[in-house]
Amino acid sequence: MSVILFLPLLGALLVALCRSETRVRWIAFLFTGVDFLLTLYMMTNFEPNKSGFQFLDYGSWVPDFSIMYKVGVDGLSLIMVFMTTLITFIAVPSAWNYIQERRKLFYSLLLMLETAMIGVFVSLDLVLFYIFWEAMLIPMALIIGIWGGERRIYSALKFFIYTFAGSIFLLVGLIVLFVAHGHVTGNYTFDLVEFTRLHLPLELQKWLFWAFFIAFAIKVPIWPFHTWLPDAHVEAPTPGSVILAGVLLKMGTYGFLRFSLPLFPDAYKLYAPVIFVLGVIAIIYTALVALVQEDVKKIVAYSSVSHMGFVMIGLFSLNAQGIEGAIFQMLNHGFVSAALFIVVGIIYERLHTRNVSKMGGLTEFAPKLAVLAMVFTMASVGLPGTSSFIGEFLTILGGLKAAKWVGVLMALGVIFGAAYMLYMYRNVFFLEPKVKSFKDIDLRELLTLSFVAILVVWFGFFPEVIMGFFHNYVSEILKVAGV
Amino acid sequence: MEITLLLVLFPLFSFLLSGILGSMFKVSWFVRKSDYIGVTAVGISLLISYYLLFKVLHGEVIQENWFNWVISGGLSASFGGYVDSLTAIMLVVVTTVSFFVHLYSVGYMHDDPGYDRFFAYLGLFTFSMLALVLSPNFLQLFFGWEAVGLSSYLLIGFWYKKKSAANAAIKAFLMNRVGDFLFILGVITIFWTFGTLDFHQVFSNVNTVSAGVLSLIGLLLLGGAVGKSAQFPLHTWLPDAMEGPTPISALIHAATMVAAGVFMVARCAPIYDGGYVLPVVGVIGVITAFGAATVGLTQFDIKRILAYSTLSQLGYMFAALGVGAYIYAMFHLFTHAFFKALLFLGSGSVIHGMGGEQDVRKMGGLYKYMKVTAITFVIATLALVGIPPLAGFFSKDKIVGATFANEHHIFWFFLTAGAFLTALYMGRLIFLVFFGEERFDEETRKHLHESPWTITVPLIGLAIPSVFAGFLEGWFEHFLSTSIPNHVEEVSHGIELGLISLTVLLSAGGLFIAAYIYLWKKISPEKIASIFGPIYTLVYRKYYFDEIYSFLFIRGTGFGLGSFLNFVDRYIVDGIVNGVASLTRWSGEILRITQTGVVNTYVAYLVAGTLIVMIIIWLT
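The listed protein sequences derive, respectively, from chains A and B.
Just so you know, we're using our numbering here: the first sequence kicks off at 1 and counts up by one.
Just so you know, we're using our numbering here: the second sequence kicks off at 1 and counts up by one.
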């Protein structure tokens, strides 16, 4: 496990030491690729029916404060690591020509980011987790701030300060948890597995739930904490958006599942209706906002908020279908939104505009891009046969079980979701061309996008390939939650 | 490999080969040969369908499991093929019409630059439709349901550069989504009620569920059917769908896809029989049957007239479902598929000959120039109007009779009146197009010609069942009774004969009046229009549904509310965030005043602080 975790960091070091500005791309490609393959290897050796964590690595780190280095995966983390390594692997070719300046710095940051992201998903010690959680912010903010668009500094700062402000609550929460656990058991530790055995009094659960909630809610982002996201996406370079939408947004939902549910199950159940309200607002409100955007990147960014609403409701529905759907939707949203950002990036690279009213008729010039974009549009719309359908269907199924009005409004959101995507597709690919020429995608772009498209359809028909890994995890977490 | 899987895979391969290698990568062989691939693939599916029909005729029910799809918690749904007599009939209808449409498209679409793309979409559609009718469970049904919607969207927007086509495509997709929103809720309700999505298990357990719940499920599913079959009030997408190429209008928007709603309700007969929803189905059907017929009278675009006719005929099927005559609904679906596809293909032949003209006011006397088209078109018209012994006579008459027999007299009245209107608008259509004086210019006349054999052969091929399919009625009823019920009360032969004579008379009368107005020109249509005045305008404007929907949903809910929320998002939600940030900075600025950097000030703070603490201690 540690190899997968630190291999990208080694890559970052090599990139930094490398003399050539162009060769670094290949180094980054190689390291992210090998890391992805190692993850696949780990998946083949994973035993889905075994409970608890596998591939554990641990050792003492700061014994005075009983902080440990402890990493490992269960069904949930495994899928998250799979998503992370895959999306970072895709982000490299999407940066290939987009990032022209200071490549060395860029690829070292990207690889450092990968280690930090994997670290978040596999840490089993809360201090270690928090370190990775914060470490992630710096390279991401730098990527937006250095290679972003015109208002990059504003967006990078907003992203950084907003999420950082949330993390403070997380830190306070962690310390309170540490003290509370030590107080009750006499064993002062940051070990996550130990914490899950503790049953905290409801009053304390409530406080801690909200402290964690703020940190996670900003990351997801849950309405109304979402406004940093469109700004960040619009300014971020394509690979930045790919990572941001593909992986970073899942940190929050992962946090809810990994910490809030097992540690504060009573508060979690108590406040589920609040999440339902926020989730439903996110789904419908942001879909409507997306409908009137002119900037293609903003449309995709708002669609992310909308889709994450399904995940949130699924997580809080507290039934097998809802939670499995939510996890699957996390993975699926990672693919689909990453691919959509790549498509948007490709168009921007060629036309230097993101305004839909200046596009149109691109099918005429770029049939390959048009076909692939159609696949991702339909995936975003949640058409059966794509992986999105599985996630949406199961979360709606779960949502309806939890509360009828939630399921009904979620399903209603699907109509609006179709509206903005179809209008966007029409404005970009249909109608009379407004541009004189447009180069179709090259082999690199084709391979990247086709790879994702194949996964989207494959998982759409055979979701069990992925879901098989976390059936056991979900049934255990439901037991922990006492459902 | 399972034979039902093979059946769907052939069109899928056609889609993938023509779509990916042809239109995406422009491999020239696949671009040129997409028609061969398509026709061969559907031809094989056609043979398999007839083979399956043959097996089912021998009393077999085929149930095959292809692979597992979604497994989660207690939910388990797989892809598979379920063929009973209902499915077998649908398979035959779909592959037969699809085969003729493929063949027809070879000639019709030949000069279109998107030739390969067209055949790819046709393959996708055929695959989806077959997957839909083969469904053994509600989830696969929903898959097929949405997948045919996707094909329909792609084909309506086939000429994507035309704004009207691109918009019509979106309209079709979104209006279907409104129906599907209810449909998927229905599917989910079924799961939470029955704990399974399998047809067989659901239907055999309907007795254990209260009629109220069954009604709710029935209503939700009906929402999907209303969207897909373009029934009132979700009907407005279908006339606009005529923006798509004509072969598509025949296949998808007349014969097969739009009938999926009827098929679904018939399939779910146990649910509908257990609940109270059937009258709703009937009312929707009657409103659509009659309302669409009136609009059909006033339109001038040949394809739109046929589109309203399709709406109207689908309304008849829904009315039949609504009185519990499931088999009669299916029988009308069966006959209608042939003669309506024929009418559309015929109109395509006319449009082809006229060089793209679709306005019936600019046609006339075409019989002289295109005999095969004209004769087959007239046959299909007579079949639709219900002139004995053509196919439509048997099927429509059964429906009208069933409403009377089951004592839904209001239904009966409007359906009978609708039959008269049908004759009137179809008569108007053929007299304006094929007979009377020629109203086109010299230029068009020079190019006027009968279409090539790839077009006329499918016309003749479809004319045969349009004439004879009606005679299958007895067999059909017996065959389908193994899968679905048919609740029709017995009436005396005298009444039955009276009813039949009445409808036939009205139909013949309608044709006669149409001839009186449009062929012999005894009364001018404008004069009739002016007599009706505002009513005519109301009907001509299609009851203003488009305007109202556009105002309420597109400008209102969609872009109106969207713009408002966008404002809220930017200035209020984000405003608060930035406000908090400014507040932090502002308080920092104020606090900075205290940080003077002068030691004396700090000493003063220290002393003041100590004093305050001491005072507090002293006070307590």
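I should point out that these hints are in silico values taken from the structure, not numbers from a laboratory.
A couple of the hints might just be wrong.
Said to hold, decoys possible - Computed list of chain B residues with no C-beta within reach of chain A, every gap over 12 Å:
1. S23
2. S28
3. R117
4. W192
5. G274
6. E357
7. K362
8. V378
9. N406
10. L448
11. E489
12. I523
13. I548
14. L611
What the hints assert, rightly or not - In silico PhoX-like pairs for lysine-lysine, Cα to Cα no more than 25 Å straight-line:
15. K368(A) / K26(B)
16. K401(A) / K269(A)
17. K439(A) / K161(B)
18. K206(A) / K269(A)
19. K162(B) / K439(A)
20. K50(A) / K479(A)
21. K439(A) / K163(B)
22. K26(B) / K434(A)
23. K163(B) / K368(A)
24. K434(A) / K542(B)
25. K163(B) / K434(A)
26. K162(B) / K368(A)
27. K358(A) / K163(B)
28. K542(B) / K368(A)
29. K358(A) / K542(B)
30. K161(B) / K368(A)
31. K162(B) / K542(B)
To be verified - Not the full set, but computed from the structure, chain A residues with beta-carbon under 8 Å of chain B:
32. V289
33. L397
34. L422
35. Y423
36. E432
37. K479
38. V480
Quick caveat: nothing in here was measured; it's all calculated off a predicted structure.
Cβ coordinates follow ideal geometry from the N, Cα and C atoms, glycine included.
Comparing the hints with the structure gives:
Annotated as non-interface, S23(B) brings its C-beta within 12 Å of a C-beta of chain A; the closest such distance is 6 Å. With a closest Cβ-Cβ approach of about 14 Å to chain A, S28(B) is found to remain outside the 12 Å limit, as its non-interface label requires. Its beta-carbon lying about 8 Å from the closest one in chain A, R117(B) breaks the requirement of being farther than 12 Å from that chain. Under the 12 Å C-beta cut-off, the non-interface status given to W192(B) relative to chain A is violated; the minimum distance is some 6 Å.
The claim that G274(B) lies off the interface holds: its Cβ sits roughly 21 Å from the closest Cβ of chain A, which is beyond the 12 Å cut-off. No beta-carbon of chain A comes within 12 Å of the beta-carbon of E357(B); the shortest separation is about 23 Å. Chain A leaves K362(B) outside its interface by the beta-carbon criterion, the shortest separation being 26 Å against a cut-off of 12 Å. With a minimum CB-CB distance of about 38 Å to chain A, V378(B) clears the 12 Å threshold, and the non-interface call stands.
At roughly 34 Å, the least C-beta separation between N406(B) and chain A is larger than 12 Å, which holds for a residue marked as non-interface. For L448(B), the non-interface assignment is confirmed: its Cβ lies about 31 Å from the closest Cβ of chain A, beyond the 12 Å cut-off. For E489(B), the non-interface assignment is confirmed: its Cβ lies about 38 Å from the closest Cβ of chain A, beyond the 12 Å cut-off. Every CB of chain A lies more than 12 Å from the CB of I523(B), the least distance being 44 Å, so the non-interface label holds.
With 12 Å as the threshold on Cβ separation, the claim that I548(B) sits away from chain A holds: the shortest Cβ distance comes to roughly 18 Å. Look at L611(B): its CB is around 32 Å from the nearest CB on chain A, clear of 12 Å, so calling it non-interface holds up. Straight-line distance between C-alpha atoms of K368(A) and K26(B) comes to about 9 Å, which keeps the hinted pair within the 25 Å bound. Taken as a hint, the K401(A) and K269(A) pair is honoured in the structure, with Cα atoms around 14 Å apart against an allowance of 25 Å.
At roughly 18 Å between alpha-carbon atoms, K439(A) and K161(B) fall within 25 Å of each other, so this suggested pair holds. Restraint check: the Cα-Cα separation between K206(A) and K269(A) comes to about 11 Å, which is no more than 25 Å; the hinted pair holds. Among the hinted pairs, K162(B) with K439(A) is consistent with the structure: their alpha-carbon atoms are about 22 Å apart, no more than 25 Å. Simply put, K50(A) and K479(A) have alpha-carbon atoms about 15 Å apart, close enough for the 25 Å limit, and the pair holds.
Of the pairs offered as hints, the one joining K439(A) and K163(B) holds, with about 23 Å between alpha carbons and a cut-off of 25 Å not exceeded. As the CA atoms of K26(B) and K434(A) are separated by approximately 24 Å, the hinted pair is consistent with the 25 Å bound. Restraint check for K163(B) and K368(A): satisfied, since their Cα atoms lie roughly 22 Å apart, inside the 25 Å limit. With a CA separation close to 34 Å, the supplied pair K434(A) and K542(B) exceeds the 25 Å bound.
For the suggested pair K163(B) and K434(A), the alpha carbons sit about 13 Å apart, so the restraint of at most 25 Å is met. A C-alpha spacing of about 20 Å is found between K162(B) and K368(A), which places the hinted pair at or below 25 Å, so the restraint holds. At most 25 Å may separate the alpha-carbon atoms for a hinted pair to count; K358(A) and K163(B) meet this at roughly 15 Å. Restraint check for K542(B) and K368(A): not satisfied, since their Cα atoms lie roughly 40 Å apart, outside the 25 Å limit.
Distance check on the hinted pair: K358(A) and K542(B) sit about 35 Å apart at the alpha-carbon level, beyond 25 Å; violated. The hinted pair formed by K161(B) and K368(A) meets the criterion: a straight-line CA distance of about 17 Å does not exceed 25 Å. At most 25 Å may separate the alpha-carbon atoms for a hinted pair to count; K162(B) and K542(B) meet this at roughly 23 Å. With a cut of 8 Å, the hint placing V289(A) at the interface with chain B holds, because the nearest CB-to-CB distance is about 5 Å.
About 5 Å separates the beta-carbon of L397(A) from the nearest beta-carbon of chain B, less than 8 Å, and the hint is met. At its closest, the beta carbon of L422(A) sits 5 Å from a beta carbon of chain B; the interface hint therefore holds under the 8 Å criterion. The closest approach between the C-beta of Y423(A) and any C-beta of chain B is roughly 7 Å, which is under the 8 Å cut-off, so the hint is satisfied. Given the 8 Å rule on beta carbons, the hint for E432(A) holds: about 5 Å separates it from the nearest Cβ of chain B.
Violation of the interface hint for K479(A) is found here, the shortest Cβ-Cβ separation to chain B being roughly 13 Å, above the 8 Å cut-off. Among the interface hints, the one on V480(A) is violated; its C-beta lies about 16 Å from the nearest C-beta in chain B, farther than the 8 Å criterion.
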